[in-house]
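Chemist: Sequence:
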Amino acid sequence: MDNSTLQDFKDEINWLFQPELDEDGIPPREFPNSRIKDKFRLDVSYMETYDWEGSSIHKHSRICPADDERIQILRKNQDVPDRLFRTALRLFADSIIVYHNDTAKEGELRYYPPIVLTFWAAFEAYVRYSSEKLITTAQKLPKEVKNYLSEEDNFINKKGEIASKTRYHSVLDRYAVFLKYAYNYSVNKGERYWQELVKAKELRDYYTHVDVKVPRGLTSNEVLSFMESILLSVIIPSTRLQRTLMLGVYWLYEIWTTLNRYNIRYTERPKLLNSQIKEPYLFHCNFENVNSGRYPSVRESIKQQPPNYSSDIDD
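Residues in the sequence shown are numbered from 1038 upward in steps of one, following the working numbering.
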């Protein structure tokens, strides 16, 4: 990427994160990127109407009573999913700027794992926020569904009193239940977009609970695919229901398409991932009960023979 292209990217991405407001202080209206219709053949015609979702006169814009504390509390966190999504997207933009002139095209872990963790946290926040809003606003909702979505399990304690405890459920399972009871939308878990979402969760799980026995690198393409899979898991049901599940999701996807267009192919990996040592070497291990016969200390070994070791301690 030359300096001129880099400047174009900075200008585009800065406008997407901080678009100019109109004379009434209202940001530009979001609209689906052409990729959604051209590549995935999704029907976004509902977004072409004058009566756009999010406007004060839209049929799904409702009035909250002033004394409704539960919606008031939720309102304080309503921008968290969007902000977390944007934080991860901005971080990826920063990585493009930093890596654009790196001829090695690989380096140590820096941007990509935090992007994965933050973007997934945004998705979880969206599911949890939407679920709580459903629980609060639904006219009728089975108690079992409420408990499932809120991850609460009611039981009778030893005193004969009704008590509750947290019972965790997979975010994908909760998302599927939410879609069913909020929109009568049944998820086909065999569909490609859902399978891609499952793969995205597996990548997130790797960095949440790092499997140190399986060292791996992470490419910019993998991160972009990860983010797109999550955004499409909201966009695809939206197009089928002809209503936007999460206001702002199309704007987020517009940012993603810009990042994808300017993507710098790069790999982040553990510092020693590519190292190969074929001789005895030093490593730090200060446990009790170490098998000294197999892993002698330097002091123990030096009594037997002069040291001739490589080391990864200070590398």
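For the record, the hints were derived by calculation from the structure and aren't laboratory data.
Where is the CB? At the ideal position from N, CA and C, for every residue including glycine.
Hints may contain errors.
Unchecked claim - Pairwise CB distance ranges (calculated):
hint: 1; residue 1: Asn1323; residue 2: Asp1039; range: 43 to 53 Å
hint: 2; residue 1: Ser1041; residue 2: Gly1091; range: 58 to 68 Å
hint: 3; residue 1: Trp1052; residue 2: Trp1089; range: 19 to 29 Å
hint: 4; residue 1: Arg1229; residue 2: Lys1202; range: 33 to 43 Å
hint: 5; residue 1: Asp1139; residue 2: Asn1221; range: 27 to 37 Å
hint: 6; residue 1: Phe1324; residue 2: Pro1064; range: 25 to 35 Å
hint: 7; residue 1: Phe1068; residue 2: Ser1041; range: 27 to 37 Å
hint: 8; residue 1: Gln1109; residue 2: Trp1052; range: 56 to 66 Å
hint: 9; residue 1: Asn1328; residue 2: Glu1239; range: 52 to 62 Å
hint: 10; residue 1: Glu1188; residue 2: Trp1052; range: 36 to 46 Å
hint: 11; residue 1: Trp1089; residue 2: Ala1141; range: 16 to 26 Å
hint: 12; residue 1: Arg1298; residue 2: Thr1140; range: 51 to 61 Å
Chemist: Look at each hint and say if it fits the structure.
Modeler: Cross-check of the supplied hints:
no. : hint                           : in the structure
1   : Asn1323 to Asp1039: 43 to 53 Å : holds, 50 Å
2   : Ser1041 to Gly1091: 58 to 68 Å : violated, 36 Å
3   : Trp1052 to Trp1089: 19 to 29 Å : holds, 21 Å
4   : Arg1229 to Lys1202: 33 to 43 Å : holds, 37 Å
5   : Asp1139 to Asn1221: 27 to 37 Å : violated, 49 Å
6   : Phe1324 to Pro1064: 25 to 35 Å : violated, 56 Å
7   : Phe1068 to Ser1041: 27 to 37 Å : holds, 28 Å
8   : Gln1109 to Trp1052: 56 to 66 Å : violated, 34 Å
9   : Asn1328 to Glu1239: 52 to 62 Å : violated, 34 Å
10  : Glu1188 to Trp1052: 36 to 46 Å : holds, 39 Å
11  : Trp1089 to Ala1141: 16 to 26 Å : violated, 46 Å
12  : Arg1298 to Thr1140: 51 to 61 Å : violated, 21 Å
The structure does not agree with the numbered hints 2, 5, 6, 8, 9, 11 and 12 stated previously, though it agrees with the rest.
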